[in-house]
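Peer 1: Sequence:
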Amino acid sequence: MRRASFVAAPGNRGGTRLAWPPFMEVRVIETAREALVNLEEYLAESAGARRFSRRSADLTDKEREVLAELAAGLTTEEAAQALHVSPHTVRSRLKNALRKMGARTREQAVAIAIREGAIELDF
144 MRRASFVAAP GNRGGTRLAW PPFMEVRVIE TAREALVNLE EYLAESAGAR RFSRRSADLT
204 DKEREVLAEL AAGLTTEEAA QALHVSPHTV RSRLKNALRK MGARTREQAV AIAIREGAIE
264 LDF
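Each residue of the sequence shown is one higher than the one before, counting from 144 in the numbering used here.
By construction, these hints were calculated from the structure, which means they are not laboratory data. Warning: the hint list may mix true and false statements.
Said to hold, decoys possible - Simulated DEER-style distance windows between Cβ atoms: (1) T232 - I257: 28 to 38 Å; (2) L264 - T174: 31 to 41 Å; (3) V180 - E221: 32 to 42 Å; (4) Y185 - G260: 15 to 25 Å; (5) A225 - E177: 35 to 45 Å.
All C-beta atoms, glycine included, are put in the ideal place defined by N, C-alpha and C.
From just these sequences and the hints, can you work out the full model?
Peer 2: What follows is the structure, given as C-alpha cells:
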C-alpha cells in the first residue's frame, strides 16, 4: 500500500499539507462525506430529535390540517376553501403554528411538520 507524504504547500508560509495519491483522495473524500452524514444522523437522533419533536407536539389538529393543505401546494385561499373556513382563519392557524414551531416561513413549518411526522403527504 502506498503511503501519503507530507509536502510543502505553495503560499502556506512553511505549513505542510498531506499529499495523497489520486485514488486515495477519492477514498478520503468519500469516507469524510460518510462520516458527516453519520454525524448529522447521530445529532438529529440525540439532541435534535427531542427538540424537533417538541416543536410539532403542541400543534392543534386544525393547525396540522392547515399545514397539510399548504404542504399539498395549496394557496391560503385554496386551503380555506378545502377546509371550509375563511382565509383569515387559515392565516391565523398558520401564524400560531409558526410561533409554536419556531419557524419563520410557511415552507419551514411544513418541512418541520413533515420531518417530525406531524403531517403526511398523500401522493
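Peer 1: Now look at each hint and say whether the structure bears it out.
Peer 2: We went through each hint and held it up to the structure:
Between T232 and I257 the Cβ separation comes to about 22 Å, which falls outside the hinted range of 28 to 38 Å. At about 34 Å, the beta-carbon gap between L264 and T174 stays in the expected band of 31 to 41 Å. Hint check: V180 to E221, Cβ distance near 37 Å, so the stated range 32 to 42 Å holds. For Y185 paired with G260, a C-beta distance near 19 Å keeps the hint of 15 to 25 Å intact.
Between A225 and E177 the Cβ separation comes to about 43 Å, which falls inside the hinted range of 35 to 45 Å.
The structure shown violates just one earlier hint, number 1.
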